[in-house]
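Participant: Starting from the known structure of chain L, arrange chains R and A on it as the hints suggest.
Here is how the chains run, residue by residue.
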Amino acid sequence: MTDVLQAIRAALPAATVELINNPGPGAQHSLLVSANDGRAVAKFLRDSLGFDFCSNVTGVDWLPRKVQETVSRKESVEGAGKEIPETVERDIPGFLEAVYHLYSISKKSGPLTMRMRTGDRAGDVTVPSLTPVWKSAEFQEREAYDLFGIRFEGHPDLRRILMWDGFADHPMRKDYAAPDDCEYEPTPHDETLARVKARQEAT
Amino acid sequence: MVDEELRSDLQKRGIFVASFEDLYNWGRKNSLWPLQFGLACCAIEMIATAAARFDMARFGAEVFRPSPRQADLMIIAGTVTKKMAPLVVRLYNQMPEPKYVIAMGACAISGGPFKEGYNVLKGMDRYIPVDVAIPGCPPRPEALLEGLIKLQKKIEGQRLFGSHRARHADAGDPAEYPVPAYGAHDLEPPLNPALFKPRPVRRDEA
Amino acid sequence: MSPDRTIDVSLGPQHPSTHGVFRMNVTLDGETVVKLRPIFGYLHRNHEKIAENNSWLASMPYTDRLDYICSLTNNWAYALAVEKLAGIEVTERAEYIRVIVGELTRVQNHASFLGFVLGDMGAWGTALMYAFREREKILDLFEALTGARMMCNYMRFGGCRCDLPTGWLDAARKLVEGFPAFLDEMEALLTGNEILLARLQGVAPLSAARAINGGMSGPGLRASGVDYDIRKVDGYGIYNRFHFRVPRGPAGDCYDRFMLRVLEARESLNILKQAISGIPDGPIINPKSKQRGFRPPVGEAYGRIEGPKGELGFYLISDGSGRPYRYRVRPPSLINLTLLEELCLGTKLADVMVILGSIDIVLGEVDR
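Chains as they are written, first to last, in the numbering used here: chain L, 412 to 614; chain R, 810 to 1015; chain A, 498 to 865.
For the record, the hints were derived by calculation from the structure and aren't laboratory data.
Keep in mind that the hints are not guaranteed to be accurate.
Derived DSS-like pairs: lysine-lysine, alpha-carbon spacing no greater than 25 Å straight-line [as the list claims (entries may be wrong)]:
#1 K608/L with K1006/R
#2 K1006/R with K959/R
#3 K608/L with K924/R
#4 K454/L with K519/L
Some chain L residues flagged as far from chain R (calculated, every beta-carbon gap over 12 Å) [to be verified]:
#5 A425
#6 A438
#7 A446
#8 N447
#9 D458
#10 K477
#11 V482
#12 E497
#13 R526
#14 A533
#15 G565
#16 G577
#17 D591
Cβ coordinates follow ideal geometry from the N, Cα and C atoms, glycine included.
Next up, chain L with everything else stripped away, as it sits in the complex (with noise of 0.2 Å):
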């Protein structure tokens, strides 16, 4: 990973690529590039470094999250300078997230996953289409626009594909409340029979 990393900053040095460790055994890292340099860094990656093969495409909802760091604060005590551990907490807004899956079949080898990040979940929610690049994609990107909400410039036919045209959300972000349609269920427990039952009592 890391030397895919450096072959991308020689070739293309005012690109913003970092790397996202992948905590956990499974240790596959990623790559990630900002939506301006998203499409000069696909082209890269194919042409020169052999990765042909796009593999997956999929959409990732990130909610806006509170993160607990450990941070290191100098302070003086008694005359002698001392490292004191603070927890302090940081805001991470919420984001919609690309992510692609490629693969070289002519080195075999991979997977190498590239990430592009949104502004935001409400109005800033574009990054360049990679379907020039890898047609691969074209079906998959349309599925993340239709099921996350992120569009995607460049896309040759960009509109709904799973959900009908005229549906108005998107479904798979976190945020996303399913119609109430509890009418009759067969065996209903927990939350589903106080929903059923509240809704009946309604009527």
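Facilitator: Then chains R and A, alone, in the frame of chain L:
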């Protein structure tokens, strides 16, 4: 209706007696033509039922018609999604009377394992009348044959005249049902209130 | 008819040859296809959304229903992805069992494919009856092992659910010995058949470069001459212990895609013979791996296998809780259809069904 004792007595002498209704129902039940309409996994079990080992042809239902205009049985085999539901209703409307519906599998009956889905219709009986429901996920081919035999028994007992006559003999009964439209968040209407009357839930609090 | 004398035809979703609820809007100039727009979503069952509310183990029966003809390979792909995510090792006997049931699944998928593609060409029912006769024998084995014919729900994280019953291996061995006779019978009737050759040869050739760029995987990719089989490339499971060849096609037309699956079925029988004779004794599940209450560490993983339809992958993101944060299925059938319009342009309407049949899709996987 023919008196059973008289019927068996005459049969022993080689005379076969039947009422018009019995003859009509016998012809219909033994030559049901299903619509070739597989939606999901249950469709594979339906094909397996029509294949050599389980052989639906023994029961007269061998001829699967691709066109609804020529079919009289719709086996809803698989999950009906909200995107597919208007098309299922339209296909049902295109079938000529008398027509029957078998809901095969948990998904066609009530949404099945996918019931929580935002795009899953929680049971096809929300929009069209269902005659026989076969539970299972997927129901074995033997279960589908049992459901078919149950439908045949139902057809056998259908009357053409009188107050309890069959749906298709009743001029007042609709042969076609309204097709739902795609709304912004759900189908409109989400169910057909004239058809789908859910029983009130009665669960004793533990 | 529009002013330029083309006709728009909507094929499906209720159609005898669309392999399920698949719809295509085809624009025809006479009989020639000038435009084809596929429409998906008629079987979109929200598998990914439901999985976010399920525990990790509870999603296993849902994976059966993705490619519903090949439930055991779907189970395997999911179990493999979770094992990659959490770093779980699989026991040796379980790996052998996985190979045996995985290759049996591939064999019955390719046999059913023969039946379906012949149906698409108009030989409705005949080849399907033969194919399903053989498929029933394999389903008997699955039922004896897992309890279900189709929705097996058999793999677990770190192994398999239960061990082989007594006599199962002998029954499997007998089936594997008898299966080439069925393939020989089908080949004698089909391979040199004039009508089949006229309808399949030269129809929709696909070059290797277009196949790779268009995301084609599995038999469709190898029929275009690309030497890429994930069993050899990734070497997942214990596939590198078995000796098997990877057939490749010259032109990537429908005939190559058809013949390649027949050859692959024969290679699968080869692997089966080796696996059945080499299976060791031992535990069938890693005793350290938890099934219920399973919480993999925070992180993500993409795990894939060579499924009978192509590359079946699972992309899983874990946030440390007992439920996936993101559960994504990489559906080979949907991505193989990316090139459908390109392949069908310029062909006749009857060829469209044959091309769709040769790509071999299952709607449960396309729409999830």
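Participant: Each hint should be assessed against the structure and marked as holding or not.
Facilitator: We went through each hint and held it up to the structure:
no.	hint	in the structure
1	K608/L with K1006/R	holds, 16 Å
2	K1006/R with K959/R	holds, 23 Å
3	K608/L with K924/R	holds, 18 Å
4	K454/L with K519/L	holds, 19 Å
5	A425	holds, 42 Å
6	A438	holds, 34 Å
7	A446	holds, 29 Å
8	N447	holds, 34 Å
9	D458	holds, 39 Å
10	K477	holds, 28 Å
11	V482	holds, 42 Å
12	E497	holds, 43 Å
13	R526	holds, 26 Å
14	A533	holds, 19 Å
15	G565	holds, 28 Å
16	G577	violated, 5 Å
17	D591	violated, 9 Å
Checked against the numbered hints given earlier, the structure breaks hints 16, 17 and satisfies all the rest.
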